[in-house]
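Peer 1: Each residue of the sequence shown is one higher than the one before, counting from 8 in my numbering.
Careful: at least some of the hints might be erroneous.
Derived CB-CB ranges, DEER-like [said to hold, decoys possible]:
#	residue 1	residue 2	range
1	Ser110	Leu37	34 to 44 Å
2	Ser98	Gly48	13 to 23 Å
3	Ala55	Val92	20 to 30 Å
4	Lys38	Ser110	13 to 23 Å
5	Val93	Ile36	38 to 48 Å
6	Ile36	Asp69	16 to 26 Å
7	Met58	Leu37	16 to 26 Å
8	Ile36	Gly63	17 to 27 Å
9	Tyr33	Ala67	12 to 22 Å
10	Glu74	Val43	13 to 23 Å
11	Thr51	Ser110	36 to 46 Å
12	Arg62	Leu37	13 to 23 Å
13	Gly101	Ile36	35 to 45 Å
Calculated directly from the structure, the hints in this document are not laboratory data.
Predicted model, so just to flag it, every value in this text is computed and none were measured.
Cβ coordinates follow ideal geometry from the N, Cα and C atoms, glycine included.
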Amino acid sequence: MTDSEEAYAAMADKPDDAPKDGAVNYETILKIPVTVQVVLGTTTMPVASLMKLGRGAVVALDQRVGEPVNVVVNGRIVARGEVVVVDEATSRFGVSLTEIVASSSAEKAA
């Protein structure tokens, strides 16, 4: 039996309320972990400059203070937002989303 025949046979054995014909089991998908990054900015530098960096060095980024930061999920920009303080006592920051990026825009930016 081929893989596709086995998959079809497995679907045929499912109860009527189970997803069929390529329907998605959303519960399973919602449990998939993804990597979320907040990109404050980027820069390009030669390896020689990188090797000279030490404690206390400042790396200038291409983003200005107050500009929205990019929220990246699995390598694609999905939103933009502002950096906010979540808990001052523990020095934790977060992002307040200000814009959800359309999928076509996110693909172009990636």
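Peer 1: So, for every hint listed, does it hold in this structure?
Peer 2: Status of the hints after comparison with the structure:
no. : hint                       : in the structure
1   : Ser110 - Leu37: 34 to 44 Å : 18 Å, violated
2   : Ser98 - Gly48: 13 to 23 Å  : 20 Å, holds
3   : Ala55 - Val92: 20 to 30 Å  : 36 Å, violated
4   : Lys38 - Ser110: 13 to 23 Å : 22 Å, holds
5   : Val93 - Ile36: 38 to 48 Å  : 28 Å, violated
6   : Ile36 - Asp69: 16 to 26 Å  : 35 Å, violated
7   : Met58 - Leu37: 16 to 26 Å  : 44 Å, violated
8   : Ile36 - Gly63: 17 to 27 Å  : 45 Å, violated
9   : Tyr33 - Ala67: 12 to 22 Å  : 44 Å, violated
10  : Glu74 - Val43: 13 to 23 Å  : 19 Å, holds
11  : Thr51 - Ser110: 36 to 46 Å : 27 Å, violated
12  : Arg62 - Leu37: 13 to 23 Å  : 42 Å, violated
13  : Gly101 - Ile36: 35 to 45 Å : 25 Å, violated
In summary, the numbered hints that this structure violates are 1, 3, 5, 6, 7, 8, 9, 11, 12, 13.
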